[in-house]
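Novice: Each chain is listed here by its residues.
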Amino acid sequence: MSLERTKVATERLIGVAALVLAILAPAIFSSFWLNSILTQALILGIGAASLIFLSAYGGMISLAQTGLMGIAGYALANMVTQRVPGGETKGLLLGWDPTLGLVAAILLTVAIGVVFGAVASRSYGIYFLMLTLTYTVIAFLFVGSVTLIGGFSPVAGSTSTRRGSSGTSSRTGSASTTSPSSRPCSCTC
Amino acid sequence: MAERIRAWGVVGTVARGAAVAVVVFAFLYVLVIANPPPEVGGSWRTTNTGSALDDPSSFLETILDGLTFAGLLFIVASGFSLIFGLMRVVNMAYGAFYLLGGYIAYEVQQRMTGSGIFLSGQDVNTWEWVVPWLVAMACIAVFGLAVQQLLLRWNQGQDLRQALITIAVSVIVADQVIAHFPRTVPLGTQKYGGNAVTISWPGWTNRLVDLHIGGVHYSLARLVMLGLGVSVGIVLWLWLQKTRTGMVIRAGVDDRQMTSAIGINIQWTFAIAFLVGSALAAFGAVVSGSQSSVAQGQDGQWLLYALVVVIIGGMGSLAGAAVGAVLYGLVFSFAVAYLPITGNDCCQQYSVVLTFALMALVLAFRPQGLFGRVA
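Protein chains in written order, with this note's numbering: chain A, 1 to 189; chain B, 1 to 375.
Don't read these hints as lab results, they were simulated from the structure.
Hints should not be assumed to be uniformly reliable.
What the hints assert, rightly or not - Here are the simulated SDA-like cross-link-like pairs (lysine to any residue), alpha carbons at most 20 Å apart as the crow flies:
1. K191(B) to T113(B)
2. K191(B) to E107(B)
3. K191(B) to I178(B)
4. K90(A) to C347(B)
5. K90(A) to L148(A)
6. K90(A) to Y350(B)
7. K191(B) to V173(B)
8. K90(A) to Q349(B)
9. K242(B) to I272(B)
With these hints in hand, go ahead and build the complete structure from the sequences.
Specialist: What follows is the structure, encoded as structure tokens:
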């Protein structure tokens, strides 16, 4: 019992330490650490959390998660980027408000995820794994072949994000970090 | 099973009704609804060739395209299915085996014909295709066997772990292939980096055959591809049905523990199956590289093809792989030929979605695939 209590206490301590670190991070770390490592870690962590949620509570080990991450990223990139006069443009360039775009991209991805899940829901174990891998590959090939929404190269244009510190005005990064993450089989690169 | 399907309830009935409607519509579209392109513009009814009634010979050619592509799909998918059927290993590295095999065959062929020139196709004799094909198959068979013996053998029975191990192998191998291939390239083109390269068919396949049906002249190389697929099917069937090794493999598929309990060395059988399965990946790569090309990124693509074919057909069944390959091949070729061409960005590039549609359709009626047994 006391061992259990020690474990819980340790976990809480680690949690609090991580939280404090996350809050203080912008003050402590250099921009390289912030942008290239910590932000990436948080992004991948969200992806991993979805996988853990599915496997721990649903018993489903899904390889579709990276595909869904890619879909959401492409959706957001297409929704919020705008046409730049004279610049090279690519993608739908809807130029929506970024906050609206965030919500819409998540809703769209959830809708697609529901369709995927409905088809896969009756398979399990290794079959589920195979089926969800095909989802990721299909998503990858889809965004690659449909040049209307960007193709393999990133969506180009500018966003109207009111990002303070990290933002140059044309932040195309939202899409270019997306394309590799939807690559099948390589969840992290 | 019946209970689970009934439990699916109203939603399932509606979904299956919609699925049937979509299939009926697709058939009608191809047979009568589609129109050939007018002088200007186009609508949802406009396709490249029009319907089957407008242009029967194009329709026939599309069917042949589908069947010949199915031959290639079957070669690749049967190896995947063989490994899965016997060992319950989902070999996610299969696409990487494919890619490596294709590049090895290309290198060998370039060395044989004299490197650094664009081959014109007619100059390649049969041996200069057969030897690269054999070398690639041998290399990948040995490589696959090494992966199985070193990484998979001591994780037997833990299928998720094995799947994750093979994913790791696939990432490593695919990236190494990009780093080291193609080595022999024509002057002025970039070495390494996984550029697209083409293996040449033997020169005698480079002509059209008159089929005497509807005035169709069809590529001999594609017919050879279909022939190779059918041959692989027949040889595999004879091997599994008529030889002692085949019987042991089938016994292993049915009941692994009992098979080893009566004194059969199941490890030996596993090794043989993995050897043959990996060799088939390279076989497919050489054929596909001859017909189109070998390039980076195809590992994921061909893993998808193999997965879809065995998911449709049913895991571990040879007949399932054949039927799945034919279905997928036909859907693939008809999608390219008969998706409407309404504007600059529509709609042929959406053909990959039909892959998902086909899979969803089959799984809606048979969750275990067409020939799969309920696990």
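Novice: It remains to establish, for every hint, whether it holds in the given structure.
Specialist: Status of the hints after comparison with the structure:
With a C-alpha separation of about 18 Å, the suggested pairing of K191(B) with T113(B) holds against the 20 Å cut-off. At most 20 Å may separate the alpha-carbon atoms for a hinted pair to count; K191(B) and E107(B) meet this at roughly 12 Å. Taking the CA atoms of K191(B) and I178(B), the gap is near 10 Å; set against the 20 Å cutoff, the hint holds. For the hint pairing K90(A) with C347(B), the CA-to-CA distance comes to about 18 Å; that is within 20 Å, so the pair holds.
For the hint pairing K90(A) with L148(A), the CA-to-CA distance comes to about 8 Å; that is within 20 Å, so the pair holds. Our distance criterion of 20 Å between C-alpha atoms is met by K90(A) and Y350(B), whose separation comes to about 18 Å. With a CA separation close to 18 Å, the supplied pair K191(B) and V173(B) stays within the 20 Å bound. For the proposed pair K90(A) and Q349(B), the alpha carbon gap of about 16 Å is at most 20 Å, so the pair holds.
For the proposed pair K242(B) and I272(B), the alpha carbon gap of about 16 Å is at most 20 Å, so the pair holds.
Checked against the numbered hints above, the structure breaks none of them.
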